[in-house]
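Visitor: Chains A and B are the protein sequences, given in the same order. Once you know that position 111 of the first sequence is 111 in the working numbering, the rest is easy, because the numbers rise by one and skip nothing. Once you know that position 488 of the second sequence is 488 in the working numbering, the rest is easy, because the numbers rise by one and skip nothing.
Bear in mind the hints are in silico, worked out from the structure with no lab data behind them. No false leads were slipped in.
Pairs of lysine-lysine, DSSO-like flavour, derived with a Cα cap of 27 Å:
#, chain 1, residue 1, chain 2, residue 2
1, B, LYS39, A, LYS39
2, A, LYS298, B, LYS464
3, A, LYS464, B, LYS512
Just a sample of chain B residues kept apart from chain A, beta carbon distances all over 10 Å, derived:
#, residue
4, SER205
5, LYS298
6, PHE318
7, LEU352
8, LYS368
9, TYR382
10, LEU429
11, GLY567
C-beta: ideal position from N, C-alpha, C; glycine also.
Protein chains: 2
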Amino acid sequence: MTHFSTKRWALLIGCISLSIFACKPKNTGSAVGADAAAKAYVAPGQYDQFYNFVSGGFSGQMSVYGLPSGRLLRVIPVFSVDPEKGWGYSEETKAMLNTSHGMVPWDDLHHTEMSQTNGEIDGRWVFGNANNTPRVARIDLTTFRTAEIIELPNSAGNHSSPFITENTEYVVAGTRFSVPPDDANGDVAIDTYKDNFKGTISFISVDKNDGKMDLAFQIQCPGVNFDLSHAGKGKSNGWFFFSCYNTEKASTLLEVNASQRDKDFIMAVNWKKAEEYIKAGKGRKQAVKYASNRYDEKTHTATSQIKTEVLVLDAKNFKDICYFIPCPKSPHGCDVDPTGEYIVGSGKLAALVPVFSFDKIQNAIAAKDFIGEFDGLPVIKYESALHGELQKPGLGPLHTEFDGKGNAYTSFFVSSEVVKWNIKDLKVLDRAATYYSIGHLTIPGGDSKKPDPKYLIAYNKITKDRYLPTGPELSQSAQLFDISGDKMQLILDFPTIGEPHYAQAVRADLIKDKSLKIFKIDDNQHPYVAKGEGATKVVRENGKVHVYMTTIRSHLAPDNIEGIQQGEEVYFHITNLEQDWDVPHGFAIKGANNAELLIMPGETQTLKWVADRVGIYPFYCTDFCSALHQEMSGYLRVSPKGSAVPLRFSTGKTAPATK
Amino acid sequence: MTHFSTKRWALLIGCISLSIFACKPKNTGSAVGADAAAKAYVAPGQYDQFYNFVSGGFSGQMSVYGLPSGRLLRVIPVFSVDPEKGWGYSEETKAMLNTSHGMVPWDDLHHTEMSQTNGEIDGRWVFGNANNTPRVARIDLTTFRTAEIIELPNSAGNHSSPFITENTEYVVAGTRFSVPPDDANGDVAIDTYKDNFKGTISFISVDKNDGKMDLAFQIQCPGVNFDLSHAGKGKSNGWFFFSCYNTEKASTLLEVNASQRDKDFIMAVNWKKAEEYIKAGKGRKQAVKYASNRYDEKTHTATSQIKTEVLVLDAKNFKDICYFIPCPKSPHGCDVDPTGEYIVGSGKLAALVPVFSFDKIQNAIAAKDFIGEFDGLPVIKYESALHGELQKPGLGPLHTEFDGKGNAYTSFFVSSEVVKWNIKDLKVLDRAATYYSIGHLTIPGGDSKKPDPKYLIAYNKITKDRYLPTGPELSQSAQLFDISGDKMQLILDFPTIGEPHYAQAVRADLIKDKSLKIFKIDDNQHPYVAKGEGATKVVRENGKVHVYMTTIRSHLAPDNIEGIQQGEEVYFHITNLEQDWDVPHGFAIKGANNAELLIMPGETQTLKWVADRVGIYPFYCTDFCSALHQEMSGYLRVSPKGSAVPLRFSTGKTAPATK
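Given these sequences and hints, build the entire structure.
Guide: Rendered as structure tokens:
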């Protein structure tokens with residue numbers, strides 16, 4: 001941190017002692033009520049009340065926690081390979097991680113958003129965004145598996161994503177880093193940023209019936225950094241709101257150079273108007289390259305298609321799509337209340353929190369109450385859009401959620417607290433310390449029209465001494481508050497994996513009864529399925545060996561394979577014949593330069609293996625499945641290249657004499 | 001499952017209704033006391049009392065839980081790549097996953113064992129075994145990171161590992177699958193198993209001072225399956241005990257063919273005698289290939305060495321090293337009580353649990369009280385070695401732990417329960433249902449001379465309806481019992497990741513105060529370290545570009561890089577200049593076919609990246625580090641191959657005019 005930036009900032013917010021580093025809250029103890037244990041406790045055999053879908057941040061995955069227990073129910077592999085589940089390693093899943101840059105084994109899943117119908121969470125899908133190599137994923141909440149990943153052209157740092165409209169018509173994705181458009185000459189000097197770098201907002205359509213995503217259109221915007229976003233709802237349905245920072249258009253040392261202006265922007269986007277222009281053929285066809293990857297649960301196989309065109313609207317050619325609203329200062333959260341009337345901008349370097357009024361914004365637009373233009377787009381007068389300001393709320397506001405009862409809850413990173421306040425009269429009602437340095441927060445349904453405000457979860461950025469130490473690296477820390485009363489009550493600390501950013505929570509009833517337990521073997525359309533042991537075989541085709549193998553408690557068939565030659569590629573296609581819930585089988589073979597497979601009942605998955613040397617290779621079931629699991633194994637023999645040993649396979653034929 | 005095996009087994013254990021599949025315990029409810037919530041609850045800001053080191057099974061990693069809260073404190077990457085932490089992706093860590101088969105990105109970490117001094121857990125290291133491609137890892141408990149991985153030749157399915165001697169002289173590793181020795185002609189028919197397949201026990205020495213592991217020697221044994229193991233202690237120090245199944249030497253359909261004999265074996269190994277033979281030069285030098293990988297925390301870099309020789313003792317040539325003790329039936333656990341006198345064999349298909357006496361075993365050996373030989377090794381008379389049998393204890397015994405007060409606790413997979421019994425008089429004292437189908441269990445210090453019997457944890461194999469459903473795949477489930485009273489009291493269900501098998505737990509005091517918080521930047525000897533921003537640079541050497549970059553809140557230096565040419569390999573060497581606890585920085589660049597880096601304070605880590613196309617590539621810090629984290633980013637420009645754009649870099653030099 002430079003002297004310059006500290007000084008300017010300290011002056012600006014009138015707080016000499018302020019550090020951009022987290023402060024410890026003054027009350028370093030933990031005021032935990034006597035009833036907290038009972039409130040957080042879920043007795044053995046009892047269900048949690050809520051599912052909590054939490055972004056994994058730099059893990060690239062999505063975590064599912066139960067609330068109020070804070071128990072980790074599942075890690076869903078999304079953008080990163082997962083050797084545990086074979087995600088990105090099995091032949092069937094590799095295509096899910098394909099991009100225009102080739103196979104990418106990692107990303108930074110920043111935010112989660114659940115599908116909605118009429119502005120309420122409907123429990124069908126949850127979306128996640130990849131921040132590094134821009135993509136959006138859709139997870140199916142009957143299988144809790146990633147069903148689809150779509151890449152985004154003209155983008156870098158897909159941060160303000162995957163926020164959705166109130167009937168899940170679109171998932172939106174705003175680029176954090178502006179870059180030269182993909183079809184421009186990108187070989188430009190970085191200090192030509194202001195001339196050559198552009199921002200892009202992507203609109204991904206979602207099919208009502210099956211959820212399939214397509215890149216419907218993009219809007220080219222000024223070269224600022226888009227940070228976060230939310231769709232309007234109710235009266236403001238048809239609009240999207242994006243927080244923008246680096247309106248200075250700095251391209252180096254942003255901690256100083258992107259912290260210059262007293263106000264950056266909220267960008268209001270009339271997406272229904274943009275949609276009209278697209279329908280009217282006003283979109284420009286741009287040549288790009290992006291991957292569209294879909295997982296088919298009938299073939300249990302993913303396919304990846306590289307698409308080559310996108311429709312683009314240049315915002316400055318359509319004066320009625322995008323409007324800027326000044327917002328102090330480097331805003332992060334951009335949150336719309338359940339009524340759709342109030343838009344809260346959280347300027348992370350600001351000493352107040354502005355609340356904008358949708359009605360006032362509409363009036364200002366109608367009256368052209370603009371203070372000028374920014375890169376050809378109208379800038380609405382701050383005071384004309386403003387409902388009011390929450391004064392001296394705390395330091396470092398980041399994100400606001402709502403309880404549907406007229407209250408807002410804002411996280412403050414620097415002063416390390418959650419502040420509850422009334423949206424209409426802008427009065428602070430309560431504040432609770434967080435340990436330490438809260439980033440985002442979640443109230444179940446808190447960004448829908450119908451929040452379910454029993455709990456609030458703080459996802460904190462700093463952990464330090466909250467748990468037993470684990471060396472230099474610590475898990476992130478979340479905190480659960482009971483918000484059913486007037487005052488927030490801290491009831492539980494729970495560590496989280498990866499780095500949780502945005503999260504969603506929903507009452508369990510909406511999901512639990514639709515959860516799929518098995519895949520029906522009869523419906524399995526995998527090209528290499530073996531629907532019974534009679535269909536198992538080992539064949540050599542075009543110089544490759546295909547093993548059609550089945551698993552059932554407690555053997556693999558075939559379990560003796562001979563005639564494989566050194567250097568050959570062997571594809572183990574394993575079908576799990578079980579049709580009972582919670583009876584996966586796994587598969588591994590010694591020396592594999594690959595992961596394992598974890599095959600759900602009724603599913604077929606394929607492990608590619610190269611026989612690297614002559615010898616005997618045991619293989620086995622990796623997932624304890626019965627009392628005879630340890631016996632569930634077999635042997636494969638590799639002979640030298642050109643060997644006369646014939647390809648053969650068997651199960652149980654060489655039963656030894658008993659001693 | 002075949003009709004044949006069910007029928008035989010049912011007859012054998014006198015239980016017609018027995019299934020090898022798990023039974024639901026009859027009491028399907030949960031008898032949870034009113035005080036359970038308070039017992040399991042750890043209030044916000046309070047520490048757990050115990051660390052619990054749990055194998056990740058098919059995840060390949062090790063998990064660290066806090067007890068009694070059941071909270072996941074950390075996942076330690078061991079045998080599988082971890083895109084979240086860059087493990088296996090950074091240039092520094094790739095060598096840790098090297099094997100004689102090349103880079104292996106996954107394994108099956110089955111068991112954990114903590115280092116001991118005088119038979120008590122000393123909190124220095126925890127070891128883990130790789131079951132698929134045989135390896136043993138050592139984790140340093142000051143850093144909670146994997147410090148070393150050693151591969152094992154002549155092995156397949158390294159299951160009965162990594163058990164240790166009472167002063168951590170050796171980590172032992174018994175092959176689960178017998179295979180032809182590595183220097184034999186491995187191109188043999190699988191049905192020549194009895195002639196050509198051999199078992200191997202490996203002894204890995206551990207340096208007293210720095211923990212460094214070497215493969216001291218191996219013992220070649222009959223071709224059975226070694227399952228689990230434990231070292232003697234106290235009076236039986238100097239001995240190791242291994243459970244053996246498949247003494248039928250079946251090579252196909254083991255669920256039937258390896259379940260034929262009424263008794264298999266415990267193998268007792270006099271390792272001090274074996275050590276004497278090795279010191280006397282009796283070991284045969286065998287040509288093999290195995291990797292020895294070590295991580296150096298001074299250079300923050302791993303190196304891998306392929307070693308080519310091992311000393312082998314053939315057990316049958318030394319009649320006083322290995323002895324077989326008959327043990328009913330397909331024994332799994334092989335557990336030694338805290339006094340070292342009692343060895344409990346848990347035959348998973350047996351209807352009783354035999355307890356052997358070390359004194360009696362010694363007497364039988366002295367008296368040559370043998371019933372014959374098995375593959376040239378003496379077989380001690382069952383009754384002569386036996387202390388007594390625990391009759392009708394439950395169905396499917398797997399594993400036993402001890403409380404140091406004369407009691408044993410055995411897990412029963414099939415009848416899904418834990419049974420507490422008195423070792424001396426072999427009487428059942430208590431039983432508790434588990435949900436469902438417990439595999440292993442842990443009592444803190446339960447396999448040392450000084451257990452700390454406050455809790456018992458059941459690691460269950462079947463989950464089904466214990467938590468909110470998450471589609472076809474469910475997390476595994478653990479259960480925490482308070483065992484401080486006469487009766488076991490269930491107090492908590494907690495889901496676990498991967499598949500926990502063996503686990504260890506220890507009072508937190510032994511570890512927490514030794515935990516390292518940062519790496520000192522002054523001690524950093526990484527060849528590409530930049531110890532301050534003044535040392536940052538970008539250089540082209542031998543056709544590769546090396547970026548010496550630093551991170552500190554809240555910028556990367558340099559943050560503008562130009563002159564990279566399409567197709568070039570770029571190595572980002574990132575040094576985290578922070579010297580505060582819990583301030584890691586991350587690094588990612590758009591389009592990378594690689595993971596991120598997560599760099600601890602004072603550390604240097606390297607990301608390899610290939611510039612795949614012309615354009616502007618943003619890079620950024622992936623781990624939220626300060627209020628200006630979102631500003632912590634930069635740009636890299638890729639020009640066409642042969643471009644005249646010079647290699648240049650800067651930080652803050654192109655500050656824009658403020659608007």
